[in-house]
Amino acid sequence: MKISGPDYDGIEVDKAAEDFMKRISHYQGTYEPLSEEHDKNLSFIKIFDQGDKFLVNKVLGRYFYGRNSEILNVI
Numbered sequence: 001m002k003i004s005g006p007d008y009d010g011i012e013v014d015k016a017a018e019d020f021m022k023r024i025s026h027y028q029g030t031y032e033p034l035s036e037e038h039d040k041n042l043s044f045i046k047i048f049d050q051g052d053k054f055l056v057n058k059v060l061g062r063y064f065y066g067r068n069s070e071i072l073n074v075i
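58 is the number that my numbering gives to position 58 of the sequence shown; each next residue is one higher, with no gaps.
I should point out that these hints are in silico values taken from the structure, not numbers from a laboratory.
We put the beta carbon where it would ideally sit given N, CA and C, even for glycine.
Be aware that a few hints might be false.
[As the list claims (entries may be wrong)] Here are the computed lysine-lysine pairs in the DSS-like style, where the Cα-Cα straight-line distance is at most 27 Å:
1. 40 / 53
2. 22 / 40
3. 22 / 53
4. 46 / 58
5. 22 / 46
[Stated by the list, open to error] Distance ranges between label pairs, derived from CB positions:
6. 51 / 27: 16 to 24 Å
7. 13 / 53: 23 to 31 Å
8. 37 / 3: 28 to 36 Å
9. 38 / 15: 33 to 41 Å
10. 48 / 8: 42 to 50 Å
11. 10 / 41: 22 to 30 Å
12. 45 / 20: 40 to 48 Å
13. 17 / 52: 19 to 27 Å
14. 7 / 45: 42 to 50 Å
15. 7 / 31: 13 to 21 Å
16. 15 / 52: 22 to 30 Å
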């Protein structure tokens, strides 16, 4: 659970966790996960386990591998 970000700076861990779970439940009704098989024609980046793994699909060009990979590495 990512409750160490700036949104929760100075907030008790229990309250931050409760708010984070509320945020998740808010989006569950409309969230549709991307599928490697079904959405293979789309450009997307999936981030797993708070940045332990990235799936980069059809993102082309040197710009991504330069600037965006730097951004992803700090997640």
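| Which earlier hints turn out false for this structure, listed by number in ascending order? | 2, 10, 11, 12 and 14
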